[in-house]
Amino acid sequence: MKQIKRIIVLLMAGLAITAQSQSFVDTDKSNIKDSDYPSDYWIDVVTEQPAGYDVDEQGNVTISSAEGLAWLISVVNGLNGCTPDDFDGKKITLTTDIDLAYNGEKAFTPIGNRTHRFMGEFDGGGHFIDGLHLYYEYTGNAVPSDLGLFGYVFHGTVRNLLVKSGSSAFVCQNPEQWYQGCIAGISDSLSLIDNCMVMTRMSVTNGGGIVGMNRNSTIRNCAYAPPVDNTFLVGRNGGGIALRNFSENGYTAEISNCYFYGNMLGSYSVQNEGGIVCFNETSSENGGQSAMVRNCYSELTGELFGNYDNGCIVAHNSEGSVVEYCYADLTKQYNGWGGLLGTDLGDTHNCISFIPDNGDGLLSESVSIGTDETTSLLEVLNYWISLYEIGVFNSWCEGETLPVFCNQSIGINETQPEPDYGPVHRGRRECGQGGGV
170 MKQIKRIIVL LMAGLAITAQ SQSFVDTDKS NIKDSDYPSD YWIDVVTEQP
220 AGYDVDEQGN VTISSAEGLA WLISVVNGLN GCTPDDFDGK KITLTTDIDL
270 AYNGEKAFTP IGNRTHRFMG EFDGGGHFID GLHLYYEYTG NAVPSDLGLF
320 GYVFHGTVRN LLVKSGSSAF VCQNPEQWYQ GCIAGISDSL SLIDNCMVMT
370 RMSVTNGGGI VGMNRNSTIR NCAYAPPVDN TFLVGRNGGG IALRNFSENG
420 YTAEISNCYF YGNMLGSYSV QNEGGIVCFN ETSSENGGQS AMVRNCYSEL
470 TGELFGNYDN GCIVAHNSEG SVVEYCYADL TKQYNGWGGL LGTDLGDTHN
520 CISFIPDNGD GLLSESVSIG TDETTSLLEV LNYWISLYEI GVFNSWCEGE
570 TLPVFCNQSI GINETQPEPD YGPVHRGRRE CGQGGGV
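For the sequence shown, the working numbering begins at 170 and goes up steadily by one.
Derived by calculation from the structure, the hints in this document are not laboratory data. Careful, some of the hints might be misleading.
Stated by the list, open to error - Taking lysine to any residue and the SDA-like style, the derived pairs with C-alpha atoms no more than 25 angstroms apart in a straight line are:
#1 260 with 221
#2 260 with 233
#3 259 with 226
#4 259 with 394
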């Protein structure tokens, strides 16, 4: 394996945690060994169209093997003699569970990048991908890469997918300029990330559990909930669902009906941490559109450690941005620092703390749902989605500790009216105790 410079982030299944995964970001690269990583890359192993990658007359693809999924990298990125195909107007369907480590671990190059973006629809069919190992090699003059199963999704869709285990090494000299998310590094320009779940132990330098940068796009019905020790390691800036939710050029960026359940563990070098989103940002001239976080909850099983902004829902909510109908357990604040929002300069309302309560959550105050009052987290989450036609948002059921999605593969309906939420209140304290800079 090539000798390379690495800044490490490890994305590991809770059932396969090693002592090496305890470090947050290894900036001293001298102790990195080649044996820590797979020596083979899928793009070097699968160099021609394999069995399990089938194309119909319209250019739609079905994938039924690990090699088939690996071949998609070459087709989109223009590798191994392929002419780059962005899949605009075409669909890719996963027809079975995929174990990328069934024949030994191999590094997986992200599908799509800033030069060759993925613009199609990827439907996981409710299947899982196991053994996903993501690495980037920095060799001096190479252009860094955004990391995820998909590196860059542009006006595309990824839905109905579970990622179970793997590892990730984010390697570049200026990682703050690049993004990492388990599903997508960047989701841009009216893209949709829907009904995706990540169940791994994960670490990021600047990234999110699902998406790194969500720009003018939508993330909904997604969850980050690793199975054992529920640890999400942060090296610099991190968000449980997304690092940045960014709205500009007259478009909305929205994260809705999502949850984070885990320990957002960092060190004293960590700058900003948000249970759902780190930075919820709206550009100054955006035609009345906003970055929005709605009907989400986070359960932080450990303390937040950011030196600047900490928020159990959002670390920094910029002017013109919206956080509404969101909930978090505040019992793990670091010395009382970091409420539901860290710094809130935007519009917030109906954001309340809770504590776990036998598969549900007990809200700190009663909430109106129609003509009734409730202190049940489960009831308020389901009431919000009831304002939409069935199928847009996953419904919620009691889980072992807190509410979970009843069906992670529920159908999707794209065109639904917005519910009437009533007045929006501007203010720094609406969503609880803010952090400081």
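Okay, the hints, checked on the actual structure:
The suggested pairing of residue 260 with residue 221 holds, with an alpha-carbon distance near 15 angstroms, which does not exceed 25 angstroms. At roughly 14 angstroms between alpha-carbon atoms, residue 260 and residue 233 fall within 25 angstroms of each other, so this suggested pair holds. As the CA atoms of residue 259 and residue 226 are separated by approximately 11 angstroms, the hinted pair is consistent with the 25 angstroms bound. Distance hint between residue 259 and residue 394 is unfulfilled; the C-alpha atoms sit about 31 angstroms from each other, more than 25 angstroms.
Hint 4 from the earlier list is the only one contradicted by this structure; the remaining hints agree with it.
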